[in-house]
Each structure stands twice: as C-alpha cells, then as structure tokens.
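Engineer: One-letter residues, chain by chain:
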Amino acid sequence: MRAFWRWLTSMRTALLLLFLLAVAAIPGSLLPQRNLAPERVNQYLRDHPDLGPWLDRLWMFAVYSSPWFSAIYLLLFASLIGCLVPRLSQHLRALKAVPPDAPKRLDRLPQHADGLHHDGDPAAAAGAVAALLRKRRWRVAVREHPDGVTVAAEKGYVKETGNLLFHFSLLALLIGVAAGSWYGWEANRIVVAGPDYGFCDSIPQYDETALGARVGPEDLPPFCLQLDDFSVDYLDNGQPLDFAAKVTYTEGLNGAARQATIAVNDPLRLDGASVYLFGHGYAPIVRYTDRYGVSQTTVAAFLVDDDFLTSHGLAAFPDANVDPTGATPRADRAQTAFSCVYLPTVPDDVSLARSAHPAERNPALMCSAYQGDLGLDVGRAQSVYELDRRQLDSGALRQVGTETKLSSGQSWTLPDGSTMTFVGTRQWAALSVRQDPGKTTVLIGAVALLTGLLTSLTGRRRRVWARVVPDADGRSLISLGGLPRTEQASFAAEFAQLVSQLEENHGAPVRPAADVDDPGVHPGDARVRR
Amino acid sequence: MWTILGYTLAMLGYAVEYSFGAKGAVARVATAPRQRELVSVGGPERAHDPLWDDPDGAVAEPEPAVVVPVSTGEKGRRAALFGRVAVVLTVLATLTHGGVLVTRGLAAHRVPWGNMYEFVLAACFVGALSWLVVLVLRPTARLLGLFVSLAMVILLGFAMAVLHTQVAPLVPALNSYWLKIHVSAAASSSGILLMAFIPSALFLAREGWDRGKRSFPYSLGRRLPAADSLERLAFRVTVFAFPLWTFAIICGAIWAEAAWGRYWGWDPKETWSFISWVVYAGYLHARATPSVRKTTATWIAVAAWITMLINLYVINFVAVGMHSYAGV
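Protein chains in written order, with our numbering: chain S, 1 to 530; chain E, 1 to 328.
Careful, some of the hints might be misleading.
[Said to hold, decoys possible] Which stretches of chain S does chain E cover? Using the computed rule of at least three CB atoms under 8 Å from a CB of chain E, they are:
no., region
1, 18 to 24
2, 239 to 253
3, 266 to 276
4, 440 to 448
I should point out that these hints are in silico values taken from the structure, not numbers from a laboratory.
By construction, the Cβ of each residue, glycine as well, lies at the ideal position given by its N, Cα and C atoms.
This is chain E alone, in the form it adopts within the complex (with noise of 0.2 Å):
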C-alpha cells in the first residue's frame, strides 16, 4: 500500500518537475554530450563502416559541440527541486516495495514469486530498481521517471486490486528449487524490458515531434531527452534483458523436463515467451541492420514489450495451460 502511495508521490514529483521545468538544467543537459559515453556500450556493429575499412579515407567524425547552458532560472531550479524529491521519493518507495516482497517471503517460508500476484511485485521491484540503476547511470533520464512511476503504479494498482491472494504455500507443481531461479529470471527480465520500453514508447513519441507531429502521444515528446538517447537507452537495456530472458526460458524447459516430461510443449504460456524472444530477436536484427531506420526497430521492440504483456495477463486470465496454478 504505502509502496504505491510512494510511487505516486514520486509521480507527482516528477510530474512538476517535467511539467514546469523545461526551461530548467535538466531538459538542456539531457542533450549534453555526456550521454554519449554512457549510452554507446554494446551498439551495433556497423555493417560497413568507411572508418573501420579504411582509416585513412575518413575522418573521425566531429561531434557537434554542445554549449550547456547554465541558464536556469528560479523556475526551472525549484522545478529541479521537485524532481529531486521524486527521486528520493522513488528509493524509499522501491524500499518499501522491497519490504513487502521481504516480509511475504518471510510469510510464506518461501520465494516470493509463486503466484501471480507477487510475480507481478517482483517483476516491478526489478522495474524500479533498474530505473534507479538508469538514474545512477544516467542523472539526465530524470525526465523519464514520470512514465516510469505511473507504469509502477498502474502495474502494482491493478496487482493490488485484482491480483492480491492470500499469502500460502506453493502447490507441489511449484516446489522445485527451479521456482527460484526460472521464475526470478523471468520476472527481472520482464522487469528490466519495462525499463526498455518506456524509452523506447518515448523515443517515438520524440522523434514523431521532432518530424513535425504535434497532436497527442506526440506532444509529450517535447519535454523528452533527445530521441538519439533515448534510443540508445532503450537498447542497451533491452540487450542487457535479453540475454536474461533467454535464459529464463532455458530454466523454464529444464524445469519442464523434470515436472511435465518434456522440455517445450507448446502450452500457451511457452508460446508466448517465444514470441516474445522472437520479437526482441528481430529488433536486436533489425537494430543492427543499417538499412533499417531507427523508428522501425523501435516499433518491433514496442511490439515485443506488448507481447511480454499478453503473456502474462491475456494468457494467465484467458488461456488454459500447464502454467496456471491456483490463485492464478
């Protein structure tokens, strides 16, 4: 409960901040070459890059130098005040967020992820605490944390309000030590792609802006980091996540060999993570394909995100398979 109340105010922080302070530090340092540094780690392969084959024919491309501009002003500075709050906010939500999981663990004697409410909680924590790992990182994606607590809150409002079970002990199906590993793996790689599809949802919403486009999802682009970063976030995320889905789906099928007989059977559950993979796979492709434009790439890694999301709410509410357990 109060983790939400946490998230929310941390919402409002961040919504005066992004509201109010366009004109302050953080919007124009957004744009200041130090997001160049952090962000570059891990970016495609050029596929033909002049400057690889041949040093000699090319010059070291000049970055365009960026004056930071130190005007504030007493808006744009009690706007950053807020942010900063909501950032304080933020940690001591993602605490009392961290408790909750601690305190039903300790409830139950067991993990705290062995049903769908609490996948949910972990999965979120991840989120959050990944978002704070980007603002580590990445002081200047402050502007994010709007988007980043209102997808909190609206995840862990609807957990709260549709999910909640009781606290109990597993089902026998679920008492394997693979429920530790499959399962956390599965929740922080969800957890963490939510921290790649905020950037990702934003940097369309900004370059859309940037081309021209002012009516709604559009218009919040303006207040954004530049589309440029925001993308690169988003990939270096997701190509952290990646790896971590892959192997969440590679416990999953031990596990299944163990407990059904078989190490992939095609039960909807199964499918959808490997939509899911199959998806983010063509975006990491087509990320690193030069003929295909940035937006395009984008949009795949929204699509992945959404089936990441189909999974685990049509699919548990919808569909019969071997992952539903009781209490969903």
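Just chain S, same shape as in the assembly (with noise of 0.2 Å):
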C-alpha cells in the first residue's frame, strides 16, 4: 500500500497518467459521442454492425463518461493530491523559515560584491543594509557573531505559492465540473412564434430534457416564455449575418411580463437558469377543410435540411374526416397527413428541390397527401417529421392524390373533395434553457489557475548574504553575496542594483571585486555582465 503510494504521488506516475488522459482522450474526438450526436452515433452502429457493438461495450460512445476515463483522471488528481500536500505544509514552513545564515566564502556565490564601507559600527551597517533588504521585500534575519553581523535574506517564495496555487485550482475546476453534472440540467424546445405557442419551464413542455443526478423536476425555476418575432438578416449569398429571437417572459409564479432579445452569442440570463438560441427555421400553417367541410389549421414547425433553409416535416390532422353526425362509422379511417418539403426559395431550375435562399423569396410548399390510419393510437413514439414507415408499408395509410406545389395562399383540393390550403409560414426557434451551478466555480478555478500558472513560471527563490565585519579604523566592511535557485540573467541585474544602491546610501568608496579581473570563472557576476 505505501509503495503504491509512493509510485502513485511520483513525477514518473504523473507524467505518465497525464499523457494517458490525453491519448483517452483522443478516441472522443473521432467516434460520435451520444452525449453530442446521438442520431450519428446509430447511424454509425448501423453502418459498422461488426466493430459499432463492441466500440460500445468500450464506452466508445460515451469516452468523457466511461469509467476509464474516470479511472485516469481520478488516478491523476489522487496523485496530485499525493503531491501537494507534503508540498504545501512543506511551503507553509518555509514560509516561517528564518533565512539560513550565510556561507562562509561569500566570494565563492554566484553574485557577490566586496569592499562596500560604512561609516557606523558592524551592528548599525548590518541594519542598514536589513533594512533596504526589507524595503524590497526581502525577508531578512540578522545574525550577531564573534567576528561581525551577518544578515541573511531571501525572496521568492511567491514562485511556490503560485504552483500551488495552479495544482490546487485544478481541484477546483474539478469539484465544479462535478457540481454542475450533479446539479446541473438542460431542457430544449422549439418555439413557433406567435401568442399561442409560448410555453413554461416545466418538464412536460419541452421537447427533451437532462437533468443533473441530484435535480429534480421540480427544481427548475418557474417561468414562462413566448417568442414574438424572430428576424435574420442574410447576405446575397445566403450567409446569415445576424439572428434575433424577440421573446416576451414572465418570471416567478406571478411575475410582470418583460422583454428580451435573444441573439446568438447574447442569451437570457434568468433567475437560476439561462436561455440560448440555437436554431431556427420554417412552419407552415396549413389549414385542411376535411369532406364534412370541418376546417383545422396547423403550425407545423419543419426540419431544417441545410443552409438555404430546405425543410421537411409534416402537416397530420388525425382528428379529420370524422362524421360530425355520427351517421358514419369512425371505423373508415381517413385520418389525414401532408408530408411537404419547404423550399423559402424555389431555385430557377424547378427540378431541384433545394432552396436557393434561406430568406423567403419565392416560398413554396412541396406536398403529398396521405390517408388511412397514422398510427398514433399504437402508443409508439413517432417522429414529428416524418410518416410512419410501418403504417405506409402494412397499407393502412396510402398516398392520394400527386405531389403538388403550391405557393402561398394556394389551395389543392384532393380526391374525396377535402381541401388543404398553404396559409403561410411563420418562424421558429430552437431554444434551450440550461443551467450550471457549477460554473462559476470552475471559472474562479480557471482564473485562479492562470494567476498560479504565471507566477509559478515567472517567480524565482532567490538569497542574498551580507557579512558585516569591522576595519583597522573602527568603520564596517560589507561583502555581500547573491545566490539564485534558478539560473537567471535578470538576478545578476538585481544584485548589482542591490549592490548600487547600497554604494549610494553611504558614498562609500567601493573596492573593486576581485573577480573582475577574471571574467571566465565568475560569469555570473554582475560587473561582468555589464
């Protein structure tokens, strides 16, 4: 157990885990994740029946959440753990620490500087240079001996406080990633604009729904919202220049109706939740007059195709053809459905249908008009796009009539004699209504991070010793040395600014070091460099 401590909390191990997690991380970003894209990953099943089932039984689908995932990164932050907190009670000393007296050959230290004198006696020289040590936010220590004082000084502990500081917020970004799959949740729904299709936060009003493991339905804040208007500017070429989505909302159980624009990279921030506009296109209004001369009109909200807006979806009325008398059976089913294609644009060359615009230039319904039995009643879950499959191929729903295109306000009148009109359309949003409370952790974490990460890579630990002793005529004698814990330039122009600055204090003539007349074995030193 404590060797397997001891790999675990190693560099080795660390490094080790680090370079797994980024390999485990690679096979996410090139398989379809279902978290992200369900329908591609069936689709990738379907098209790899052999290797799809086992990559599934391998969390392949699902890599961000697979246990081994899990395995490398808990392992990683145990390690970590491991290693930081002997690091941080070693740093918490260190940061009492008194500076250890100095060595006893200064001139042997990379940085050194002899012959600096003071007019006062060792202890009085000693203070002076303690306290423009302490002015620069050195901590010093003083130390009476025999033969003189020497004053001990060191700085950059913040290079420490910074590297831990980096590690511990990795934790934090942790527990807040945690806290937001916990606590979080996401809800979509797609809005067709207009007074009659708002909706409120609650579970049954959306089209799919995820919540955190510890949120339940009732957790979501309450509020309700509808879409008024929804405006897209495009280019020529098609390319949307700008997407808003006027919404009218109500917060709380009885709050006062506000307004708000929801533009793509500027959602609504509400209270406990926030609203994102993902997406938008076309619904038909389409109004069917049945045989019995009853009319219904329905908004269908179409499935966007591509980026000229092409869609698809479904016009269904299973309510028509019903005898309002009664004097016919309901057993002759004659439910009705048109499964259009909506082109905003008709392109000059008919043949293709693809719009040519995304804007609606010359908008056109594509219909073919279904009857028999939808197969709604069966209970299954059925798509709101398209027919069932099984209804059309068991012949209890047959096509009647050709394909028609009309045109707005058009009418097509079918073979029994009911008629169907394109009203015209109007827009929808795909809106979703996400919350995270983990994120501001994560985001103080990261920032946190960042400040750690920079002074971890720019603080240096670096000490500084003066030896005061005095001279033949009752005056005191400074040397002074400079050792850094990392090999740097910018130490040596730190230590002779420190030398300087000393000189100035007491207009003491300075000897020169005895290094300068050999360059090559102290190179570090300050008047070499200059």
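Once you've looked at the hints, go ahead and assemble the two chains, each given alone in its own frame, into the complex.
Structural biologist: Structure (structure tokens):
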C-alpha cells in the first residue's frame, strides 16, 4: 500500500497519467459521442454492425463519462493530492522559516561584491543593509557573530505559492465540473413565433430534457416565455448576418411580463437558468377542410435540411374526416397528413428540390397527401417530422393524389373533395434552457489557475547574504553574496542594483570586486555582465 | 503573394549562410557564453540543488572558458552577409505579411481572423514576429532562420493554395467580442509555439549529431548552435506561450458558455486543445524533473506541437464539430 502510494505520487507516474489522459481523449474526438450527436452514433452502429457493438461495450461512444477515462483522471487527481499536500505543508513551513545563515565564503557564490564601507559600527551597517532589503520586501534575518554581523535574506516564495495555487485550482475545476454534472440541467424546446405558442418551464413542456443526478423536476425555476418575433438578415449568397429572437417572458409565479432579445452570443439570463438560441427555421401554416367541411389549422415546425433552409415536415390532422353527425362509423379511418418539403426560395431550375436562399423570396410548399391510419393511437414514440414507415408498409396509410406544389395562399383539392390550403409560414426558434451551478466555481478556478501558472513560471527564489566586519579604523566593511535558485540573468541585474543602492546610500568608495580581472571564473557576476 | 516570395528569398539567404557559413563567425559565436545569459530566465527549479541547500558545500560551477574565434575568412564573411540580407528580407516579408492582415481586416470591416485561412495567416504572422524577437534577443540564433522561413513558406503556401477564401463578413456565431480575444490568443500562442517547436526539433537533430549519429535528420545538426542553447530557447519560448494558450482555452470556454450554453463540451476542437494543453503541461513537468532526460522532455514538446497541428488541420477537415464554419 505504501509502495503503491509512493508510486502513485511520483512525478513519473503523474507524467504517465497525463499522457494516458491525452491519449484517452483522442477516440472521443474521432468517434461520434452519444451526448453530442446521438443520431450519428446510431448511424455509425448501423454502418459498422460488427465493430460498432464492440466499441459500444468499451464506452467508445461516451468516452468522457466512461469508467476508464474517469479512472485515469481520478488517479491523476489522487496523485496530484498526494504530491500537493506534503508540498503545501513544506511550503507553509518555508514561509515561516528564517533564512539560513551566510556561508563562510561569500566570494564563491554566483554573485558577490566586496569592499563596501559603512561609517557606523557593524551592527549599524548590518541594520542599514537589512533595512534596504526589507524595503525591497526580502525576508531578512540578522545574526550577531563574534567576528561580525551577518544578514541573510530570501525572496521569491511566490513561485511555489503560484505553483501550489495552479495545482489546487485544478482541484477546484474538478469540483466545479462535478457540481455542474450533479446539479445542472438542460432542456430544449422548439418555439413557434406567436402568442399561442409560448411555453412554461416544466418538464412536460419541453421536447427533450437532461437533468443532473441531483436535480428533480421541481427544481426548475418557474418562468414562462413566448417568441414574439424572429428576425434574420442574410447576405445575397445566403450567409446569415444576424439572428435575433424577440421574446416576452415572466419570471416567478406572478411576475411582470418583460421583453428581451436573445441572440446567438447573447443568451437571456434568468434567475436560475439561461435561455440560449440554438437554431431557427420555418413552420408552414396549413389549413385542412375535410370532406365534412370541418376546418382545422396547424402550424408545423419543419426540420431544417441545409444552410438554405430547405425543410421537411409533416402537417398531420388525426381528427379529420370524422362525421360530425355520427352518421358514418368511425371505423372508416381517414386521418389525413401532408408530408411536405418547404423551399423558402424556389430555384430557377425547378427540378432541384433545394432552396436557393434561406430568406422567403419565392416560397413554395411541395406536399404529398396521405390518408388512413397515422398509427398515433398505438402509443409508439413517433417522429413529428415523418410518417410512420410501418403504417405505409402495411397499407394502413396510403398516398392520395399526386405531389403538388403550392405557393402561399394556394389551395389543393384532394380526390375525396377535401381541401388543403398553404396559408403562409411562421418562424420558429430552437431554444435551450440551461443551468450549471458549477460554472462560477470553474471560472474562479480557471482564473486562479492562470494566476498561479503565471506566478509559478515567472517567480524566482533567491538568497542574498551580507557579512559585516569591523575594519581597522572603526568603520564597517560589508561583503555581499547572492545565490539564485534557478539560473537567471535577471538576478545578476537585481544584485548589481542592490549593490549600487548600498553604495549610494553610504557614499562609500567601493573596492573593485576581486573577480573583475578573471571573467572566466565568475561569469555570473554583475560587473562582468555590464 | 509577396509575403511568400519574401520568405522564400529570406529562406534562400539563410540557406546560403547555413550551407557555406559553417566556418564563419555565426557558427562559432553560437556557442559563445552570450547565450547563457539570455536564455536562462525561467529555468526549471532544481529539485535538489547542492548549492542551494548548502552554499558552503559547493563551489560555483566554473563555466568552461570559451574562446570566440575571430577567424572568419572571406567565404565565411560572405555567408554571414547572406544571413544578414536574409534577416532584412524576413523583416520585409513580415511587414507585407502584416499588410495582408491589415488590408484583409479593412476589407472585411472586422478582425482578420474569421476563418481558417485568416487564422493560419495570423498565427504565422505571430510566428514571424516572435522569430524577429528571438533574433533581437539572440542574434546568434540566425542559423535557425532557414528552418523558420521554410516552415513559413510551407504553412503560408498551403494556406494560399488550399484554404484561401474570399473576404466575407462573419457568420453570426463568430460575431462576438470574444472572437477578438479568444481567437487572437489562440493564433498568437500557435504562432509562438511554432517558434518553440523549431528549436526543439533542431535540438533533437543536434543532440543526435553530438552522440555520433550521421544519418539524414541528424546530419542537419552539424551546423546548428549548441544543443544546450537550442533546448533552452525552446523551453523559454514554451514558457512564454503556455500561459497564453491556457488563456486562449479559458476565453474559449467563457465564449462557449455564452454561445453554446456550456463552457466545455468535448467538441473535437476543444478536445484537441485539451490534449495539447495536457501534453505541453507534461513537457513543462518533465523539463523540471531532474531524472527525466532533456531529449525525452523535448520529444514530448515535439509531440505537443504535433497535436497542435492535428487540431488545426486534421480536426478542421475531418471531424464534425461546432468549431466548423462556412469556408472552414
């Protein structure tokens, strides 16, 4: 156990786990992932019937929540904690520690200067040196010796502080991510523009929801929202310039109605949730007057097929063709549905069933009519954009008439005398409502991480010592030595500045340092560098 | 167009110097002590430094006295002249390169990094700038110019030939002030990391040459600056770029929260940024661990740069993700 812990917390293991983590992240970027694109996962499974199930068993379609991916990062974090805790206590001790006394030979240090004079006695001279160092925020210790006074100073603890901050903020990130996955939730809904198509924040009103492990339906904050208008600007080549969804919303149970605009990079921030704009499209309005003269209107949001908003969908009338007098038995099923493709701009070459521009410049709805049993009563989950294949295959649902192209306002009479009218369109917007309570923690963690990274990469630990001895005429002679923990040019400059400041403060003549004549031996010395 | 021509001419100049100037001044100066003082900032903390732990117990390591040979010869001087001309050409090319970006930005009325072509252009521009900065700080690094300009010509040539797109306004998803921050940070760190990759790769060549390898990639090492100084240059540049890369990822996450409703979603581009970040972090750790050899650490740095390339080229063309926009 002890050996395992030592192995786990060694730098080699940490490096190994880091690379494992990097390698383990790769398959998730190459294979479709369930949480991002479930339909592409199903497609992949259909295309690779042999390989697919095996990959699935290895969690290859949910890499980032797989046990093996989790195992790697949890081990990594265990290793990190095992390394950080001793380092933290060590650092706390170092923060309180007194800088060690000066070595015997200051002239052997990478930086040194000799022959500074001070008019006072050694204690006063040492006090002056210590004061200068303290002013420059060095940690200073003055020690009296029989032969003189030494000043020891150390600086640059911030490097290790930054280092620890960086690594602890990684833990904060992990906590934030975990909080988000437990207490976060998201829900999506397609909203057609208009006052009758608003929705309120409750599970049944959403098209799809994903709640975190610790979130229940009652945790969703109460608010209602309706789409007043959706506007888009396009270039002539069809590239959109700007999307804006104008909405009216009420917060709380009896909140006042407020207006807001949701744009692509500009979500609506509510108390306890944010509303994002993810997509948009057209919802054709179709009126159907059945053989008994009963009219119904539906606004069907169509699924977008391409960048020019060629869309397809279904206008279904399951309650149509029921004799209001009850004279004809209900068994004669004549539920009616129109499977249509909508082109906001019909191209010049009409043989192409693709829109030529996303704006409604020359709109047309191309529909096929079907009558029979739509298969809605079986209780099977069914696409709202496509007819049920099984009903078509079994013959329970049959096409009537031929495919017909309708422009806005046009009507089409089916063989049974009923008529369908393409009234026009409305816009719809795909909204996503999300809440991630962990994201503030993650943001703070990220900022702390960057701060820690910068200080640990730029911080430098270094020590300076001074030895003050009395000289022959009762004054003091100061010699200085400096030792950077890491090799660095800037320390030489800092040391030189320190020396020159001491010279200025005391106006004492400085005897040239012994090494000036011998640049090869002490290349780090400030004087040589200059 | 002129930019590439400029870099190509500069490359020729560097090549001449590189091929014929081995006996010249630059090659020798490259091993001179001047480098020690310039490259050492931010070096790794030694875990157990006898000098630090017990200053009495050790004597300051004497640096090997280096005699800078003054012997250059006519041939060497001419090669060095070519090198200087190459530097001037690099400056001119970088200026036109900047001009391309500025005119593109003016033409589009927006920041000139709104699609992949412009991203590569901007990243290479930062790469060229950081090369010039390295040159100012360390004139002796000039021998690397051949490889820097080669990389520029390849990257920009590919961008011109394959990625070029007409000036167009931004798609709405990109229309955010985060574009300025996130993408410029990402492009800059990519460009600067290119300037770290080149000395890393050349260090491996030089180091192999020093160990007696004479086959092709190692044969390049013969005329390169000392392995030690290449390695330290690479490390310093990475130390500069890594926080910038971290910043780019954080900004991307903040933007993603506003645009896509989540700060992190394992989109392929995000995943590969994460992979690069992890591998570069591994490099920094390996470099700071005394028991890990410098060559091992440098191989990690090279691997990290390859993940950056994969992220830019492979992911944009192959993977389907939310970072794909019109015109790639």
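Engineer: The region 239 to 253 of chain S covered by chain E? Criterion: 3 or more residues, Cβ-Cβ distance below 8 Å.
Structural biologist: Contact hint for the region 239 to 253 of chain S vs chain E: holds, 5 residues under 8 Å.
Engineer: When I compare C-beta atoms, does the region 266 to 276 of chain S have three or more residues closer than 8 Å to chain E?
Structural biologist: With 4 residues in contact (Cβ-Cβ under 8 Å with chain E), the coverage given for the region 266 to 276 of chain S holds.
Engineer: With a Cβ-Cβ cutoff of 8 Å, does the region 440 to 448 of chain S contain at least three residues near chain E?
Structural biologist: holds (count 4)
Engineer: How does the region 18 to 24 of chain S fare against chain E when you require at least three residues with a CB closer than 8 Å, holds or violated?
Structural biologist: That given contact holds, which follows from 4 residues of the region 18 to 24 of chain S lying within Cβ reach (below 8 Å) of chain E.
This entry satisfies every hint, going by the numbered hints stated previously.
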